[in-house]
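Listed here are the chains, written in short residue letters.
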Amino acid sequence: MKRTSRLRILIRKEFNQIRRDRRLMVSLVVPPTLQILLFGFALDSTVSNLRLGVVDYSHTPESRELISSFTESKSFRASGSYRSVNELERAISESRLDAGMVVPYPFAREIHRGRTVDVQIILNAANANTATIGQGYAAGLIQAYNGKLAREGIRPVFRDTGGFSATKTGSVTPVTAFLYNPGLVNAWFIVTGTFGVLLILNGSLVASTAMIKEREAGTVEQLLMTPAGTTEIVVAKIVPIFLLLITMVLIAIGVMRLAFSVPVHGSLVIVISGAALCVLSGIGIGTFISTFSKSAQQSQLMAFFVNPPLAVLSGALTPVEAMPAWMQPITWLNPIRHFGIITRATLLKGSGIDVLWPHFLALIAFTVVLIAISTWRFRKQLG
Amino acid sequence: MRRIWAQTRKELTQIRRDRLALVLALVLPLALILLLSTAISLTVHNLPLIVQDFDSSSASRRFADAIRASLSFHVVSWPSDRSADDALLANAARAVLVIPKNFGRDLARGRTSEVQLLVDATDSNTARIVQGYINQITQAFNQGLSRRQSSDAVRAQIRLWYNPGRDSPKFYSPGIFVLGISMFPPLLAALAMSKEGEQKTILQVYVSSITAAEFLMGKIFAFMIVALCEWLLSLVLLLTVFGLRIAGDPTPLIVSSVLYAFCVASFGTLIGAAIPNQGASIQAVSLGGFLLVFLLSGLIFPIENIPAGLRWISNIVWGKYYIEIVRDALLQGGGWPSMWFSVVMIGVIGLIFFALAWVHMRAMQVSA
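Top line first, the protein sequences correspond to chains A and B. The first sequence begins at 1 in the numbering used here and counts up by one. The second sequence begins at 1 in the numbering used here and counts up by one.
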């Protein structure tokens with residue numbers, strides 16, 4: 001009984017201290033909102049409107065039709081026509097174009113004779129993603145053009161071989177359905193990933209500042225002279241930060257919902273409890289950092305070593321499957337990875353706890369280990 | 001001039017004695033380039049895919065084998081009595097390919113058979129790539145079916161320039177290289193400058209004979225040296241580990257790098273002069289040096305995708321111009337004709353930072 005009331009008094013003391021710290025309060029609300037908005041709007045991997053330059057040696061209705069089938073798609077846009085391949089190549093190397101197309105002189109003639117004609121397409125592959133997706137677009141457009149020619153009967157492909165149905169071979173067409181995000185909104189992926197990064201980075205920043213403050217001010221000794229144990233001191237410090245960060249979680253969910261219309265197909269309880277565990281791991285990381293540094297500046301600088309790997313090896317902004325194979329297992333040691341899976345599966349797909357429980361277990365394990373280690377380090381320092 | 005040099009030497013001595021600063025300036029950027037350039041990539045491969053074969057004919061098995069043979073996917077097994085949606089909900093696969101009944105019969109009769117591809121589009125970019133891969137595999141499969149010469153009228157000969165292997169690190173590592181230079185030298189410069197304000201050592205500067213401009217030049221010169229050391233080490237890393245080569249004329253890169261070192265050192269000094277509090281100036285630098293350069297400079301994703309309301313900001317983000325130059329120098333080799341504007345912009349932005357720093361430095365004098 002006495003113990004709990006002592007803890008409560010300590011917690012109230014911490015609450016009052018934080019409440020009076022205007023900068024801390026502001027830094028809990030403003031940066032997360034701003035960061036979600038900025039990341040969601042600024043990071044968009046969609047490949048569209050590639051600048052296409054054309055060299056048309058054929059100058060026939062057929063070649064113009066092929067070209068306009070490219071430029072009328074959303075994937076490419078016309079960015080000028082060139083008289084020679086050299087001019088086109090120069091434009092690509094000076095980054096005035098993303099792609100180029102060369103239609104050969106005998107284009108229309110070869111088509112009508114039933115021969116295959118090669119059209120050269122040059123893509124600036126400096127950006128591997130643009131090249132991969134642009135290549136798919138170009139192949140798809142050419143395929144569609146071929147289909148159109150066949151339908152119009154311009155190419156009587158199978159006529160020369162006697163028995164029609166006997167030699168005709170079938171073909172496979174894939175029909176693609178994009179589930180859970182039919183509009184392919186990239187922001188949904190980025191925003192749900194940023195959410196976890198934000199919780200960990202801001203959680204650890206706030207926690208390390210709060211933990212180090214007492215040491216900087218030299219008031220730790222005063223706390224130690226009170227009957228409170230070190231565990232109580234640490235717990236009392238964590239509780240108010242935790243509650244404040246939970247409000248940040250709610251703000252972030254609100255921003256995702258309002259600014260990016262991220263759907264909520266599953267239960268918010270799952271997301272929020274995952275977020276709570278994520279916040280606690282963040283606090284653990286922050287406390288841990290603070291035990292290694294002498295001042296607030298130093299712990300801020302230490303965060304430069306810890307944050308980038310945490311943010312990048314998480315699958316939050318780029319898919320884990322695109323990382324080298326040896327790196328992929330490491331991401332399982334990152335709370336952001338698990339939380340990202342929980343958020344995306346719950347919000348976008350509506351998955352339930354029945355499939356997400358392993359990630360919850362992992363988050364609980366991280367939280368317990370991180371908080372235990374940092375409490376132990378903190379206690380050792382006080383002793 | 002002698003006074004500027006003395007100031008520079010004093011700064012460099014201070015940095016040399018601060019172990020954490022040295023690590024921040026020279027070791028961390030290299031570690032970041034190695035880590036981020038290997039980890040950041042969007043071109044996924046070896047994705048888990050489920051094939052639900054309701055036909056089980058020899059044709060359908062051949063089609064499934066064609067998919068299994070590609071490096072883009074690995075086929076995971078899934079009980080055929082459970083629905084495909086469950087697999088995606090449980091994150092067991094990124095996509096499910098459903099081969100319908102009568103697939104083999106339709107093919108044999110010369111009809112078109114539709115296979116259904118269900119893609120988990122939570123990650124829209126990966127979803128697009130999955131669709132592209134499956135299209136390419138089926139196209140190859142179809143060509144194998146019609147054993148004769150390709151019946152297509154037009155064939156695309158696609159050439160990938162500058163990075164034919166579509167090697168992601170080649171594109172991202174120059175960006176991370178710029179990110180490192182945009183972050184750490186200004187961070188140290190800001191810390192050094194705000195420390196002068198915080199500890200009031202700036203007063204000693206005022207009573208000495210050095211002028212404000214000379215003092216700033218001395219400081220900036222020191223952090224330019226830091227930035228250029230970092231530049232050299234990082235560049236060696238890019239050229240050795242990531243297999244990049246200097247393509248074409250190296251002079252735009254060299255000129256712009258010196259200007260960029262000046263630009264970031266002035267930025268840091270400006271922040272330090274404007275905010276005489278070390279904690280707050282670290283945050284300001286990470287906002288300007290990290291967030292702006294990371295988000296609004298085309299480092300990962302194209303600038304054209306940013307909504308117009310935000311996109312204009314990228315025109316004043318110094319990192320954007322330098323990323324263009326570094327990528328051009330290491331991948332495309334467009335040289336001066338395509339890059340002169342970016343070089344000029346870096347110089348202009350650097351001068352603006354210097355002028356602002358000078359103004360704040362005088363304001364500091366009044367407040368001190």
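Hints are computed from structural coordinates only; laboratory data are not their basis. Ideal placement from N, C-alpha and C gives every residue a C-beta, glycine not left out. Among these hints, one or two may not hold up.
If you want the ones that stay clear, here's a sample from chain A, every Cβ over 10 angstroms from chain B, calculated [claimed, not checked]:
hint: 1; residue: K13
hint: 2; residue: T33
hint: 3; residue: D44
hint: 4; residue: N127
hint: 5; residue: L244
hint: 6; residue: I251
hint: 7; residue: S261
hint: 8; residue: L268
hint: 9; residue: P319
hint: 10; residue: G350
hint: 11; residue: R379
The following label-pair restraints were derived from C-beta to C-beta distances [as the list claims (entries may be wrong)]:
hint: 12; chain 1: A; residue 1: V85; chain 2: B; residue 2: G243; range: 25 to 33 angstroms
hint: 13; chain 1: B; residue 1: Y206; chain 2: A; residue 2: F15; range: 27 to 35 angstroms
hint: 14; chain 1: B; residue 1: V27; chain 2: A; residue 2: A276; range: 17 to 25 angstroms
hint: 15; chain 1: B; residue 1: P337; chain 2: A; residue 2: V85; range: 44 to 52 angstroms
Counterexamples of contact, computed for chain A against chain B with all Cβ distances above 10 angstroms [what the hints assert, rightly or not]:
hint: 16; residue: Q17
hint: 17; residue: L28
hint: 18; residue: L179
hint: 19; residue: M327
hint: 20; residue: R344
hint: 21; residue: L361
Verification of the hints:
1. K13: 23 angstroms, holds
2. T33: Holds, because the least Cβ-Cβ distance between T33(A) and chain B comes to about 14 angstroms, which exceeds 10 angstroms.
3. D44: 4 angstroms, violated
4. N127: 5 angstroms, violated
5. L244: Fine: 18 angstroms to the nearest Cβ keeps L244(A) off the interface.
6. I251: 19 angstroms, holds
7. S261: 14 angstroms, holds
8. L268: Holds, since 17 angstroms exceeds 10 angstroms.
9. P319: Check fails; 5 angstroms does not lie beyond 10 angstroms.
10. G350: Answer for G350(A): violated, closest chain B Cβ roughly 7 angstroms.
11. R379: 25 angstroms, holds
12. V85(A) - G243(B): 25 to 33 angstroms: About 28 angstroms separates the Cβ atoms of V85(A) and G243(B), which means 25 to 33 angstroms holds.
13. Y206(B) - F15(A): 27 to 35 angstroms: 43 angstroms, violated
14. V27(B) - A276(A): 17 to 25 angstroms: 36 angstroms, violated
15. P337(B) - V85(A): 44 to 52 angstroms: 19 angstroms, violated
16. Q17: Answer for Q17(A): holds, closest chain B Cβ roughly 17 angstroms.
17. L28: 14 angstroms, holds
18. L179: Violated, since 6 angstroms does not exceed 10 angstroms.
19. M327: The assertion about M327(A) is violated, with a minimum of 6 angstroms to chain B.
20. R344: 5 angstroms, violated
21. L361: Answer for L361(A): holds, closest chain B Cβ roughly 15 angstroms.
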